[in-house]
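*Asks:* The residues making up each chain are set out below.
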Amino acid sequence: MTVLPPGAIDCDLHPAPPSVSALMPYLEPHWADAAAHRGLHELETIAWPPNAPLSCRPDWRDGDARPGSDPARLISDAVDGFGTRYAILNCLYGAPMLYSEDMAAGFARALNDWLKAEWLDRDPRLRASITVPPHAPGLAAEEIERAAEDRRFVQVLLPVMGETPPGRRINWPVYAAAERAGLPVAFHAGSAYRHPPTPVGWPSYLAEDYAAQATAFQAALTSLIAEGVFQKFPDLTVVFAESGVAWLPAHLWRLAKYWRGLRMEVPWVDRSPEEIVRERVRFTIQPFDAPEEPDAVARLLEHLGSDDMLLFATDYPHWQFDGMGALPEGLPADLVRRIAVDNPLSTYPRLREGKP
Amino acid sequence: MTVEVLDRPSGETPAEATLRIADCDIHPSPKSLEREIHPFLERRWQRHLERYGARPRQPFLNGPAYPKGQPDAARRDAYPPAGGRPGSDLAFMRAQHLDPNNVGFGVLNPLKSGQGLQNLDFADAYCRAINDWQIAFWTREEPRLKASIVIPYEDAAASVREIERCAGEEDYVQVFMLNRTAEPMGQRRYWPIYDAAAAAGLPLAVHAFGFGGAPITGSGWPSYYIEDMTGHAQSSQAVLTSMIFEGVFDRLPGLRMVLIESGFAWLPALCWRLDRVWMRMRDELHRCKRRPSEIVREQVFLTTQPMEEPNRPRQLVECIDWIGWDRLLFATDYPHWDFDQPDRVLPSWVDAEKRRAFFTDNALRVYGRQMP
Numbered sequence: 415m416t417v418l419p420p421g422a423i424d425c426d427l428h429p430a431p432p433s434v435s436a437l438m439p440y441l442e443p444h445w446a447d448a449a450a451h452r453g454l455h456e457l458e459t460i461a462w463p464p465n466a467p468l469s470c471r472p473d474w475r476d477g478d479a480r481p482g483s484d485p486a487r488l489i490s491d492a493v494d495g496f497g498t499r500y501a502i503l504n505c506l507y508g509a510p511m512l513y514s515e516d517m518a519a520g521f522a523r524a525l526n527d528w529l530k531a532e533w534l535d536r537d538p539r540l541r542a543s544i545t546v547p548p549h550a551p552g553l554a555a556e557e558i559e560r561a562a563e564d565r566r567f568v569q570v571l572l573p574v575m576g577e578t579p580p581g582r583r584i585n586w587p588v589y590a591a592a593e594r595a596g597l598p599v600a601f602h603a604g605s606a607y608r609h610p611p612t613p614v615g616w617p618s619y620l621a622e623d624y625a626a627q628a629t630a631f632q633a634a635l636t637s638l639i640a641e642g643v644f645q646k647f648p649d650l651t652v653v654f655a656e657s658g659v660a661w662l663p664a665h666l667w668r669l670a671k672y673w674r675g676l677r678m679e680v681p682w683v684d685r686s687p688e689e690i691v692r693e694r695v696r697f698t699i700q701p702f703d704a705p706e707e708p709d710a711v712a713r714l715l716e717h718l719g720s721d722d723m724l725l726f727a728t729d730y731p732h733w734q735f736d737g738m739g740a741l742p743e744g745l746p747a748d749l750v751r752r753i754a755v756d757n758p759l760s761t762y763p764r765l766r767e768g769k770p
Numbered sequence: 388m389t390v391e392v393l394d395r396p397s398g399e400t401p402a403e404a405t406l407r408i409a410d411c412d413i414h415p416s417p418k419s420l421e422r423e424i425h426p427f428l429e430r431r432w433q434r435h436l437e438r439y440g441a442r443p444r445q446p447f448l449n450g451p452a453y454p455k456g457q458p459d460a461a462r463r464d465a466y467p468p469a470g471g472r473p474g475s476d477l478a479f480m481r482a483q484h485l486d487p488n489n490v491g492f493g494v495l496n497p498l499k500s501g502q503g504l505q506n507l508d509f510a511d512a513y514c515r516a517i518n519d520w521q522i523a524f525w526t527r528e529e530p531r532l533k534a535s536i537v538i539p540y541e542d543a544a545a546s547v548r549e550i551e552r553c554a555g556e557e558d559y560v561q562v563f564m565l566n567r568t569a570e571p572m573g574q575r576r577y578w579p580i581y582d583a584a585a586a587a588g589l590p591l592a593v594h595a596f597g598f599g600g601a602p603i604t605g606s607g608w609p610s611y612y613i614e615d616m617t618g619h620a621q622s623s624q625a626v627l628t629s630m631i632f633e634g635v636f637d638r639l640p641g642l643r644m645v646l647i648e649s650g651f652a653w654l655p656a657l658c659w660r661l662d663r664v665w666m667r668m669r670d671e672l673h674r675c676k677r678r679p680s681e682i683v684r685e686q687v688f689l690t691t692q693p694m695e696e697p698n699r700p701r702q703l704v705e706c707i708d709w710i711g712w713d714r715l716l717f718a719t720d721y722p723h724w725d726f727d728q729p730d731r732v733l734p735s736w737v738d739a740e741k742r743r744a745f746f747t748d749n750a751l752r753v754y755g756r757q758m759p
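As they're listed, the protein sequences go chains U and X. According to my numbering, the first sequence is numbered sequentially starting from 415. According to my numbering, the second sequence is numbered sequentially starting from 388.
Fair warning: there could be bad hints in the mix.
Each pair of labels, with its calculated beta carbon distance range [stated by the list, open to error]:
#1 Arg678(X) x Met415(U): 19 to 27 Å
#2 Trp578(X) x Gly739(U): 36 to 44 Å
#3 Arg638(X) x Leu749(U): 42 to 50 Å
#4 Pro681(U) x Ala469(X): 32 to 40 Å
Simulated from the structure, these hints should not be mistaken for laboratory data. Each residue gets a CB set at the ideal place from its N, CA and C atoms; glycine is no exception.
Can you build the whole structure from these sequences, using the hints too?
*Replies:* The following block contains the structure:
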């Protein structure tokens, strides 16, 4: 078992509202009325059916309660359980995917206020990401500005599959606002389901949808690089959360090869994609789609080519591993320290501020 | 515009000269539609093509969705001196590629074939014409070259008819699809095609590109050709995932699949992920009986081009070690710009047995052929 050092920072945990009605006190009157009058249904996305095996580890389940909906359980299972100094909450509730930009923004604001009141105020070790409507970049930027005043919000959260490829200029107001606030932007596995999640149409199975998340991260990385986001926003850090990680070396070999052949098409990409990624993109480590053999893990880490890119995460309550095995076997102790402590601290400036 | 063309002396002996190689991805073009394709196309469809054009599920009538990096996506030096498009002149293909690179077995993969067109009847007629053309203009003239059965895969019944019509002709070595289908390829609307391929004993070849209508990313259409090109690897991963999880390989344990022109270095990470997901959600994947990595080790092959290029070539060799040296079929993609040169693709220290498998034996085994 790879042992965590003291002060470890868990960069991906998932709190969930116990039901849509839990958000009512935090919705502005217009949206609360609309929700009541229209009989708004629950808004979890098809990516995380609550009873699916991946959605919650068996020993983290609590009867019929929605996985991740009880702060006390999350704190005892994950924060106390792994002895983490900080835990970053990424709420995957589907409300910001509502098609109406205004309604999505209204619910995103409510989610952020709910996170503050029901979670962040409860335990000083908790931090959170700002939820925004991914298809309404202007409204998203406004929400970033509003929510970022609370320094316990440490990053901006988007689904890896939105309405347009993430690098597209239409999305740049989000990156501008994040950069201004000194916040990394996290892309997390999941989709707003504006398009089929695979390049060849809608799959049949949840397992296929989940497998496709890794390919969605590949496409998102290509888009962010090809569109020049990293040149346009030189102080922006991007985090890929729950991406699977192991796909990265092969994707970069391919992308760098085509960049060498086609850089005349994207002249603003002024250095190799590999360099850009090693400097500017960070990856949470669960799931880590590597084989179990320490030798293969070591080789894969060498192919990644940097010790600075990985961030410790449990992906609580998702069922990625059992027991305390949140990190691959056989990692050298100094690498474990970087993944668990140093890399998160350098990725999230607000975690270096101490008490908010 | 100034065009610089590499000066490749034709008399030079390439490093792989002692080994006759297989090239599993060569793209032929007709010199002229009127002279080469129309003889195989009913009058009615000739007229249809003239009036309505070949309309795919993308914006442009005559070109690709993303303008290529160079004309015809071709090597600058691949234009036949006698005129015509790259890949349209057999004599020049022999002189520029087959002879100097010592290609003893070459698989023709026609790309402008009617596959994926909106009008299914026209797609069917055009695919038939392309199949007849490959035999008449290429394989009868050059025994080193073999043909692909192109099928209008969005119409499974018509595809089965075409497989059955062609399968008796020895020069066809595979059933050929493009990977951007309208729905994920494992879904049951396509199953009759796989049944027919397996019954004919032919591998199912799936080449990058196509016009299924879904954007190549789950976030919609990207802006650039470089995104489309890197995206083929993601499309192939989705295709393979669908074929495995829908149980196609379990229904047809004799079916062999060849993924063409989407690279291969992504395969180990995909298998690790699919094994994990399969273990976690086996009750959902009731048609998939075997561990995904095991299915791949038995029934899936990949052509090599465009080979991923890590800065340290050793890492690519480690990646092939993970995949297995019996899985990869060498391909150049002649006459396209991202052609892989056979004497450059593997580090010199890779041993002779592995080179032989990689360049020749795997292909002959998959296609059940000898060097002509």
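*Asks:* The structure should be examined with respect to each hint, and the outcome stated for every one.
*Replies:* Hints versus structure:
1. Arg678(X) x Met415(U): 19 to 27 Å: 25 Å, holds
2. Trp578(X) x Gly739(U): 36 to 44 Å: 40 Å, holds
3. Arg638(X) x Leu749(U): 42 to 50 Å: Between arginine 638(X) and leucine 749(U), where Cβ atoms are some 44 Å apart, the hint holds.
4. Pro681(U) x Ala469(X): 32 to 40 Å: Once the Cβ atoms are compared, 36 Å apart, the range 32 to 40 Å for alanine 469(X) and proline 681(U) holds.
Of the numbered hints stated above, none is contradicted by the structure.
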